[in-house]
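> Here's the letter readout for the chains.
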Amino acid sequence: DGGITQSPKYLFRKEGQNVTLSCEQNLNHDAMYWYRQDPGQGLRLIYYSQIVNDFQKGDIAEGYSVSREKKESFPLTVTSAQKNPTAFYLCASGPVSNQPQHFGDGTRLSIL
Amino acid sequence: GESVGLHLPTLSVQEGDNSIINCAYSNSASDYFIWYKQESGKGPQFIIDIRSNMDKRQGQRVTVLLNKTVKHLSLQIAATQPGDSAVYFCAENPFTGGGNKLTFGTGTQLKVEL
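These protein sequence lines map, in sequence, to chains A and B.
For reference, each letter of the first sequence is one residue, going 1 to 112 in the numbering used here.
For reference, each letter of the second sequence is one residue, going 1 to 114 in the numbering used here.
Since the hints were derived computationally from the structure, they do not count as laboratory data.
Treat the hints loosely; a few may be bogus.
[To be verified] Think about it this way: if two alpha-carbon atoms lie no more than 27 Å apart in a straight line, the pair counts; the simulated DSSO-like pairs of lysine-lysine are:
(1) B:101 / A:9
(2) A:57 / B:101
(3) A:83 / B:42
(4) B:42 / A:71
(5) A:83 / B:111
(6) B:71 / B:111
(7) A:70 / B:42
(8) B:101 / A:71
(9) B:111 / B:42
[As the list claims (entries may be wrong)] Covered by chain A, per the in silico footprint, the following chain B stretches (three or more residues, Cβ under 8 Å):
(10) 24–35
(11) 57–69
(12) 104–113
[What the hints assert, rightly or not] Anything over 10 Å on all C-beta distances counts as not near chain A; from chain B, calculated:
(13) 12
(14) 14
(15) 16
(16) 74
(17) 76
(18) 79
(19) 81
(20) 82
(21) 84
Ideal Cβ positions, reconstructed from N, Cα and C, are used throughout, including at glycine.
Starting from the given sequences, assemble the full structure and let the hints guide the process.
Quick look at the structure:
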């Protein structure tokens with residue numbers, strides 16, 4: 001089945017540690033996105049990429065980094081500079097034009 | 001800055017009744033709008049979308065209405081079922097000359113009472 005796979009489902013980070021969240025899609029979408037969701041709130045855009053080897057900062061990019069070496073993959077690294085990383089992280093993909101974005105089932109990141 | 005917001009954070013309805021979830025947007029240049037449903041612990045699921053050249057669009061048991069005059073978007077769910085219980089988000093795509101960046105509202109919790 002076509003879709004978006006995020007892993008792991010749960011992740012724990014120690015102080016000063018960088019962690020990487022995986023996002024893979026087989027929908028042949030050009031664009032991919034990372035969002036952060038805090039309890040009882042909407043989604044906020046961290047980074048997005050409209051084409052391989054190119055990406056742009058979203059509204060809350062500080063403390064995060066991404067790469068887009070392959071069309072299918074858009075990993076997100078939560079660095080030690082992100083002082084409040086506990087959240088639900090959602091990856092999405094979609095066509096570049098006005099079409100729905102499709103979401104994975106998220107990774108919940110917590111601090112040890 | 002521009003924002004998308006919802007009038008009601010929680011909506012409770014009886015099973016079988018119709019539900020109406022509202023959303024206000026402030027960017028008059030937005031040309032595309034989407035409704036998503038999010039169940040606990042899962043990612044948002046696409047429900048229905050509408051472009052700014054339309055004022056109504058219907059799907060299976062759902063209808064989206066767009067009123068550009070007052071910058072208002074609504075989602076109507078007919079014959080609400082227990083499985084409709086979830087958080088519903090509206091999102092808009094402000095015209096930025098390209099791309100598909102979405103701005104999301106804060107969400108409305110729909111609770112279906114038996």
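> Out of the numbered hints, which ones does the structure contradict?
Those not satisfied are hints 5 and 11.
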